[in-house]
Amino acid sequence: MTHTITFTFNGNAIQCEEGQSIAAALINSNQRELRRTRFGDEPRSIFCGIGICFDCVVLINGVANQRSCLVEAHDGMIVESAQ
Amino acid sequence: MIIVIGAGPAGLAAAEAASRNGSEVALFDSASRMGGQYWRHRAAVSGYRSNRADEIFAKVSSAQSITHISEANIWSAEREGGLIRVNYLQGGIESSLTAEKVIIATGAYDRTLPFPGWDTPGSMTPGAAQSLLKGQGVLAGKRIIIAGTGPFLLPVATGLAEAGADIVALIDANSPLRWSLSPLALLTNIAKFSELMYYARLIRKYRIRPQFRRAVTAYEDGVATISAINSRFHIKPGKSQTMRADVVAVGWGFVPDLSLGGILGCAQRVDSDGTVIFEVDENQMSSQPHIWIAGEATGIGGADLSLVEGEIAGLAASGQTIEKALLRKRVRKQRFADALKRTYPVRDGWREWITSDTTICRCEEVKSQEIKDSVSDLGAEDSRTSKLFTRAGMGLCQGRMCSRNVSEIVSGITQCAVTDGERIAASNRPIAAPISLGQLSDGKNSR
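Protein sequence lines, in the order shown, are assigned to chains G and E. With our numbering, letter number 76 in the first sequence gets 76, and the count goes up by one each step, no holes. With our numbering, letter number 157 in the second sequence gets 157, and the count goes up by one each step, no holes.
Don't read these hints as lab results, they were simulated from the structure. Hints may contain errors.
To give a feel for the contact side, a few chain E residues facing chain G, derived at Cβ under 7 angstroms [claimed, not checked]:
#, residue
1, L132
2, D166
3, V168
4, R400
Predicted model only: the values in this text are computed from it and were never measured. We put the beta carbon where it would ideally sit given N, CA and C, even for glycine.
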């Protein structure tokens, strides 16, 4: 049996299966925009999916530049879009 | 002790082969489960001949002398006396391990080309769509276009279709007729036909219509432009169509990650397809003593070739005899890998697909026009100088995505071919994975 957990993304509650990556959980919840870029303020999402491109970086519990495609979501995590 | 870096097909085969005479093996991988990118799995591995994966997982898991060190990111490596030390991060803690011998099997990632809209949400690599599905159980979208070139598009398209996605187009920029250039490779790898048949059945079953000599040349507001292209990848005028899709997954073959071997001084060369790879001898040994390299980092060739190279490297590193038959098998698989490169080339006509405001470096948001200006107005004569002017390739990914493309774009303007030295310099990085200064200064757990 898979266990459902809840984390927040920019203040909104997101539910996913335990063990799923943050990016996968967000894509599955139709939340494709993971951040906006520093200079052009353009939306970005998952791109390489395996931790190479750093396009999906987010702030996790206050720590910047975390690759959401690699980090597993945990109950109570606070995830935010970083610029 | 032998350190094997990477638990994909090559690394698994190397670890398994080395363990046959009881050699101690530390098998490192950044993921939690073994399998690498190709045999990525959440529950059971699926797809063509996935039983091979299960067999080798079982052997590696049950081998007493193999320790699987998972979720560990090796960020550097160094010589220490007669030993080699690898430094890694695991769960936010910096540690290191030394061994007499190292086998590098770090694999590859999707090669990408820029086009207008490739940086918008919904555009991703086929590898990303694959990893979301196989590793996470998540469909990247509902209406998906798979494009680019190469046989890897087949497992991605059919896997997504099996999981319920609508593959609205499967597009290869090259014509399959190019296989006729490599009759010997086909005749000596007859088993490959059954793999092709496997995918052909699935393509029919899910009513996917493959298209050739076309490419996705733009993606905007959920609409992809599909252009007919010639053999040099130049767009044929008046033959473009548009198609709605919520995902365009575009990949142009693979790029190996050379960081660790590069840090250790292993010699590199430029392969027939322009990819920078490591030089290895008959036993997969690099130019550096006690370092062997197997899999995609010695030339892109797929899982079949990686398994053989890994086995040879594992046997060599553990001092076991390598049967002639195994070496002959590598020759055959190598021939097929060379045929793949001949059949699915990436031609430089793609440089016409980009417009002045197309993003080239995703990390630093450098546009095509800025690179052009760095050459014509600022006098950059090569990609290195252009990168210094524009910051292209200097962001978080350290140029892994754009380096090669920047070189090609600059070369298109200066009309000077990219030199091998430039290609090799652009493929190497001083650290293999990001590490914060805080983690570095917090002291090490040495073993």
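Under the criterion of a CB-CB separation shorter than 7 angstroms, is E:V168 in contact with chain G as hinted?
18 angstroms, violated
Less than 7 angstroms between beta-carbons is the criterion; does E:L132 satisfy it with respect to chain G?
Holds, about 6 angstroms.
Under 7 angstroms is the threshold here; is the Cβ of E:D166 close enough to any Cβ of chain G for the hint to stand?
Since the shortest Cβ distance to chain G is 17 angstroms, the answer is violated.
Agreement of hint E:R400 with chain G interface, Cβ distance less than 7 angstroms
Cβ of E:R400 sits 5 angstroms from chain G, so the hint holds.
Going down the numbered hints, you'll see the structure goes against 2 and 3, while the others check out.
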